[in-house]
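Trainee: Residue numbers (the working numbering), protein chains in the order written: chain X, 229 to 590; chain Z, 229 to 590.
Among the hints, erroneous ones may be present.
No distinction is drawn between identical chains; accordingly, a pair holds when it is met within one copy or between any pair of copies.
Said to hold, decoys possible - Once the Cα atoms are required to be at most 30 Å apart in a straight line, the calculated DSSO-like pairs of lysine-lysine come out as: (1) K381 with K235; (2) K301 with K329; (3) K276 with K544; (4) K348 with K533; (5) K301 with K358; (6) K301 with K530; (7) K533 with K301; (8) K533 with K344; (9) K530 with K348; (10) K347 with K530.
FYI, nobody ran anything at the bench for these hints, they're computed from the structure.
Listed below, chain by chain, are the residues.
There are 2 protein chains.
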Amino acid sequence: MFKVLKKSKISQARLTELKTPHGKILGPFFMPVATKAAVKNLTSEELKNLNSQILLANTYHLMINPGQALIKKNGSLHQFMNWSGPILTDSGGFQVFSLAKIRKISEKGVEFSEPKSGKKFLLTPELSIKIQRNLGVDLAMAFDDVVGYPANKTKVKEAMERTTRWAKRCQSQVASHESLFLFGIIQGGIYKDLRLKSAKEITAIDFDGYAIGGVAVGEPREKMKQVLKWVMSLLPKNKPRYLMGLGRPEEITYAVRQGVDMFDCVIPTREARHGRLYLWKSQISNLKSQNFYMTININNAKFAKDFSPINQTNLKQYSKAYLHHLFQTNEPLGMRLATLNNLKFYLDLMKKIRENIKNQAL
Amino acid sequence: MFKVLKKSKISQARLTELKTPHGKILGPFFMPVATKAAVKNLTSEELKNLNSQILLANTYHLMINPGQALIKKNGSLHQFMNWSGPILTDSGGFQVFSLAKIRKISEKGVEFSEPKSGKKFLLTPELSIKIQRNLGVDLAMAFDDVVGYPANKTKVKEAMERTTRWAKRCQSQVASHESLFLFGIIQGGIYKDLRLKSAKEITAIDFDGYAIGGVAVGEPREKMKQVLKWVMSLLPKNKPRYLMGLGRPEEITYAVRQGVDMFDCVIPTREARHGRLYLWKSQISNLKSQNFYMTININNAKFAKDFSPINQTNLKQYSKAYLHHLFQTNEPLGMRLATLNNLKFYLDLMKKIRENIKNQAL
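Chain X on its own, in the form it takes in the complex:
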């Protein structure tokens, strides 16, 4: 199912191929975030046209609305959202962690009240896997106990150890003949000994891939880099490596050079909705430099009279002045065009990264 096609000679970067029931994915790859079965503002046809290879959805959100039973009845999440490519779901661990005040963690799982309806749920490792299987996704994540930043070491240790116990329970739910591809998640916060221990314990379980979780939870960028340095060498070379929730373009290129194959992040879509655009500095960009791209805030008055195209790729036909106007007048088309720009940038970035690895340039 997973192959390393080529290894960089100048870094740990790898060109990879992951075969799923819904198609092949070349890595390193980026997963646009479709939390509630839709990438905000975009149709699945647009995502296909953007050459997105895979989408990421969320177990927590989908179990609440519309519910796993409904999606199962419809066939699968692919059918429901009209996306024929691969889908990965996060397990819900990160989301229940963000419900800090209304959740109760026990060894069994996490009990929480859904903020809108007040309805009570108990999400366990077993249930998370069952839901992900019912959604019919290609790649599933183990249910983990995520701790924010900052957090004291005792708390992080506890959560890390629970994550290992839960990981075993998750793995035991998946039969060897199943096509469901399950990832284990390494926790341990910013503590070296905890990260090393977690990496050893999680990789001792025979998952189909390994993820680094508990990053992008507010810690300084340097801490994330440290975590990568500690953990990456402990991950098996023949399995995909996923850095969860990251990141800015330069963080992605950095992590790729440490050997990461998979990424997801709300940055391109969320920032688009606030008018922040990701743009290439030049057509031929050196991805090893720190400044191969720039961001602009289209709300800035200087763009009111800028009739140059939004970008040189998928939005040549619309000017920055027009996009500025759409944001100034709260026209919903504005967020949509900005989202198309940013996802195009991120997906092109991954394509360039793969080309660079192929050419031994990254």
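Using the hints, position chain Z against chain X.
Mentor: Only chain Z this time, still in chain X's reference frame:
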């Protein structure tokens, strides 16, 4: 520029052709509303794919944001919003009328404070034409004095008479060699004598087309029908006739049979944003029947498990259950899909109307 291609033998309906600098428009036609230079949620490419022949924008909104000077600098409104087809602009009369509390009408024009910025503007018949010319639109409207419903006769009479005087001032602004196609607007509320007087006075001015204004301002549907009966026979047969701001599908078919050629309405786009969908009852619809279509509210719980397609035309690939989910979870894609459905319905309706007239069936 304007031709009647065929007349119905069973009603006053006409198949028409209007040539503009940005292309030919077959009538009767419907203009999707792009008030602030964008149809809410849609790209201009989508509007082209929906076979929209023309868009409608608004002088009042565009003079405030981004301003006529900016659009003129960019070339034209077509260039600014990336729409290469014809555009009609309303003159701003209707919009300043809705600013009731913060406007002051004099013979010269309407003084008003823009609600957001508080900035003062004076919109005159001359300025409205100048702005529409600067926007580079194909079809422009005379600046009229619109009165709401209900209103006492004295007030309606005053506004109607002012509309005539303003109409002359507007017409005098357009040179005979200009490609700008200018429409006069008939007012007079729900009063027969006033409507007849207005129709006579406005048609005495050599406009390129004639519109019936001051309808769809809150009056009962029957009153609108009366107004049409009084006015239509007074309109020249060799010029296009435009019923402003209407309407529901059955109102459009009714008006077509009275001889109306042009329509615009926010119903398909606005109701889409609230989850109301316009759908055909069957593939072969009798447009003379009262119930050739139906509307559904996709928010209704019964659609949660309805996996049938949204429609059989442009949204076959998405289910009603999915659209229901998008509305329930406030995913912006929901409004967009609903808008695509409703505009497809309205534009298909106009196409069917034209086919029916061709076949002497309407």
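Trainee: All hints, please: hold or fail.
Mentor: Now the hints, each set against the structure:
no., hint, verdict
1, K381 with K235, "neither (36 Å within a copy, 84 Å between copies)"
2, K301 with K329, "neither (33 Å within a copy, 55 Å between copies)"
3, K276 with K544, "both (19 Å within a copy, 17 Å between copies)"
4, K348 with K533, "between (52 Å within a copy, 23 Å between copies)"
5, K301 with K358, "within (14 Å within a copy, 59 Å between copies)"
6, K301 with K530, "between (51 Å within a copy, 15 Å between copies)"
7, K533 with K301, "between (51 Å within a copy, 9 Å between copies)"
8, K533 with K344, "between (43 Å within a copy, 21 Å between copies)"
9, K530 with K348, "between (50 Å within a copy, 24 Å between copies)"
10, K347 with K530, "between (48 Å within a copy, 21 Å between copies)"
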